[in-house]
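Build the full structure now, drawing on both the sequences and the hints.
So the sequence shown is residues 0 to 498, counted in numbering that gives the first Met the number 0.
Treat the hints with care, as some may be off.
What the hints assert, rightly or not - Quick list of in silico lysine to aspartate or glutamate cross-link-like pairs, EDC-like style, CA-CA up to 16 Å: (1) K101 x E329; (2) K497 x E329; (3) K492 x D332.
Don't read these hints as lab results, they were simulated from the structure.
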Amino acid sequence: MNLFKKFFGVSSFVPKDGLRGELPTNREAYKNLMRIALPSVCEMVLISLIGSIDTMMVGGIGTEAIAAVGLVGQPRMLMLCIFFALNTGVTAVIARRKGEGKRDVANQTMRTSILLIMALSIVMMIIGLTFSRGLMRLAGAKADTIDDAETYFRIITMVIPFNALSMAICAAQRGTGNTKITMYVNIVSNLVNVLLNWLLINGVWIFPRLEVMGAAIATAIGIVVGCILALVSIFMSDREHSFLHLSMRDDWRWNQPAAKAVIKVGGNSMLEQIALRIGFFLYARLVAQLGTQAYASHVVCMQFLNLSFTFADGIGVASTSLVGQMLGKERPDLSHIYGKIAQRIAMVGSVMIASTIVILRYPLVSLFTDDPTVMRLSANVMLIVALFQPPQMLSVITSGALRGAGDTKYVARVMLVCVAIMRPVAAFLAIEIIQNFFTPVYEVTTALASADVMKYWLSYEAPQWALMGAWGASFLDMTIRMALMMRRFNEGKWHSIKV
Numbered sequence: 000m001n002l003f004k005k006f007f008g009v010s011s012f013v014p015k016d017g018l019r020g021e022l023p024t025n026r027e028a029y030k031n032l033m034r035i036a037l038p039s040v041c042e043m044v045l046i047s048l049i050g051s052i053d054t055m056m057v058g059g060i061g062t063e064a065i066a067a068v069g070l071v072g073q074p075r076m077l078m079l080c081i082f083f084a085l086n087t088g089v090t091a092v093i094a095r096r097k098g099e100g101k102r103d104v105a106n107q108t109m110r111t112s113i114l115l116i117m118a119l120s121i122v123m124m125i126i127g128l129t130f131s132r133g134l135m136r137l138a139g140a141k142a143d144t145i146d147d148a149e150t151y152f153r154i155i156t157m158v159i160p161f162n163a164l165s166m167a168i169c170a171a172q173r174g175t176g177n178t179k180i181t182m183y184v185n186i187v188s189n190l191v192n193v194l195l196n197w198l199l200i201n202g203v204w205i206f207p208r209l210e211v212m213g214a215a216i217a218t219a220i221g222i223v224v225g226c227i228l229a230l231v232s233i234f235m236s237d238r239e240h241s242f243l244h245l246s247m248r249d250d251w252r253w254n255q256p257a258a259k260a261v262i263k264v265g266g267n268s269m270l271e272q273i274a275l276r277i278g279f280f281l282y283a284r285l286v287a288q289l290g291t292q293a294y295a296s297h298v299v300c301m302q303f304l305n306l307s308f309t310f311a312d313g314i315g316v317a318s319t320s321l322v323g324q325m326l327g328k329e330r331p332d333l334s335h336i337y338g339k340i341a342q343r344i345a346m347v348g349s350v351m352i353a354s355t356i357v358i359l360r361y362p363l364v365s366l367f368t369d370d371p372t373v374m375r376l377s378a379n380v381m382l383i384v385a386l387f388q389p390p391q392m393l394s395v396i397t398s399g400a401l402r403g404a405g406d407t408k409y410v411a412r413v414m415l416v417c418v419a420i421m422r423p424v425a426a427f428l429a430i431e432i433i434q435n436f437f438t439p440v441y442e443v444t445t446a447l448a449s450a451d452v453m454k455y456w457l458s459y460e461a462p463q464w465a466l467m468g469a470w471g472a473s474f475l476d477m478t479i480r481m482a483l484m485m486r487r488f489n490e491g492k493w494h495s496i497k498v
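Structure, rendered in C-alpha cells:
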C-alpha cells in the first residue's frame with residue numbers, strides 16, 4: 000500500500016523544497032486532470048474509431064482501395080503540419096493567458112490566429128491541388144493505386160481552409176480546458192463522415208456508388224460540418240461566462256504582440272511538425288515499396304496504433320492545458336504534479352491496451368480485411384504494436400506537458416533526430432538487410448525449415464519480413480524518444496520558460 004501511495008500520491012511528485020503553496024489532495028488533483036482529459040480522450044478515441052470504420056468501409060472495395068486511401072495520409076499531414084504547429088502555440092499561449100486571468104488578451108490572440116491561419120490555409124490548398132499527382136507519386140503510389148489516391152487527395156485538399164479553422168478554434172478551447180466543446184464538434188463531424196461513407200461508397204438508396212471518391216466526399220463534408228460547429232461554439236458562446244468569445248464587432252485588426260507570442264511557440268513546433276511529417280513520409284514511402292499486400296497490412300496496423308495514440312493524446316491535452324495554466328498562476332510545482340499524474344495514467348492505460356491487442360489481435364484484424372495473407376501478416380505486426388504502448392503513451396503525454404510549458408524547442412530537436420533521421424534510416428537498413436541477406440539465408444536453410452514453427456515463419460516472402468523489420472525500427476525510435484522526453488521533464492528546466 001505504501002508503494003502504491005508513493006507511485007500515485009501527489010505529495011511524492013515534487014520535493015518539499017520545491018513547493019510554492021498548498022497542494023491539492025490526491026482526489027482533487029486526479030479529478031482536475033480527468034475533468035479535462037475524459038472529454039478529450041472520448042473525442043480522440045471516437046474519432047480514431049470512426050476513422051477505422053472509414054477504413055473498414057473502404058476495405059470492402061478491395062486491398063488496392065485500402066492502400067490508395069492510406070497513401071493519402073502522410074501527404075495530407077504534410078500539408079497540415081503548419082497548422083498543427085501554430086495550434087500548439089495557440090493552445091500554450093491561451094492556456095497561459097487563462098492562468099494569468101487575461102481574457103481580453105486571449106481573445107485578441109484568437110482573432111489574430113484566425114487571420115493568420117485562414118491566409119496560410121488558402122495558400123496550402125492551392126499548392127496541394129497544383130501538385131496532387133506528384134505528391135501521390137512521391138508517397139509511393141503505384142499504377143494500381145495512384146488514380147484513386149489522387150482523387151481522394153484532391154477532394155480533401157479543397158476543404159483545407161475549413162479544416163484549419165476548425166482545428167485552430169478547437170486548439171484554443173483546449174487551452175482553456177473546455178474540452179467538452181471540442182469533443183462535440185469532432186464527434187458530430189465524424190459521425191456525418193461515417194453516415195455519408197455508408198451512403199456514397201456503395202451507393203445506398205438514391206445515392207450513387209462512388210467508392211473511393213465517395214469516401215473523400217464524405218470526409219470533406221464532415222470537415223465542413225465540424226468547422227461550422229466550431230464557429231458556433233466561439234461566436235455564439237455566452238459572453239459573460241465563456242473565457243473565449245468572438246464577435247464580428249470586435250477589433251479584427253492584426254495584433255503583432257499576439258501573433259508574436261503564438262509564432263514564438265509555434266515556430267519551434269513547426270520544426271517539430273516538419274521533422275515528424277518528413278520522417279513519417281519517408282517511412283511510409285519505404286513501406287509502400289514493399290508491395291500492395293504489405294502496405295495494406297501496414298495501414299491496418301496503423302489503425303490500432305493510431306487508436307492507442309489517441310488515448311495518450313487525450314490525456315496529453317489535459318496535461319498541456321493544466322501545465323500552461325499553472326505556470327500562468329506561477330505554480331510550477333503544480334505544473335510538475337499534473338504532468339506526473341498524466342504519466343501515471345498513461346502507464347496503467349498502456350498495459351491494458353497492450354494486453355487487449357495481444358489477446359484479440361486476430362479478430363481485430365479481421366474487421367478490416369478478409370485477405371488471408373494480409374490478415375496473418377497484420378496479426379504478427381500487432382505484437383509489435385502492443386510493445387509500442389508504454390513508450391508511445393509516455394512520450395506523447397510528456398511531450399504534451401513540455402509543449403504546454405512552451406518548451407517546444409527541445410521537443411522539436413528530439414523529433415528531428417528521432418523521427419526525421421533515426422526512424423527512416425533504421426527502417427531503410429532493416430528492409431535492406433532483411434531483403435538482401437536475412438530472408439535468403441533462411442530460405443536455403445532446409446534443416447531449419449523442417450521444424451513446424453520455422454515452416455510458418457519461412458512461408459513469408461521477403462517484403463513481409465521487411466515490413467516487420469520496419470516496424471521494429473519504428474519501435475526503436477519511439478523508445479529513445481520516450482527516454483529523452485522523460486529526462487527533460489524530470490530536469491524541470493521548463494519551469495522558468497516565459498510565453
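Against the structure, the hints:
1. K101 x E329: Cα-Cα ~14 Å, so holds.
2. K497 x E329: holds, 11 Å
3. K492 x D332: holds, 12 Å
Consistency note: the structure conflicts with none of the earlier hints.
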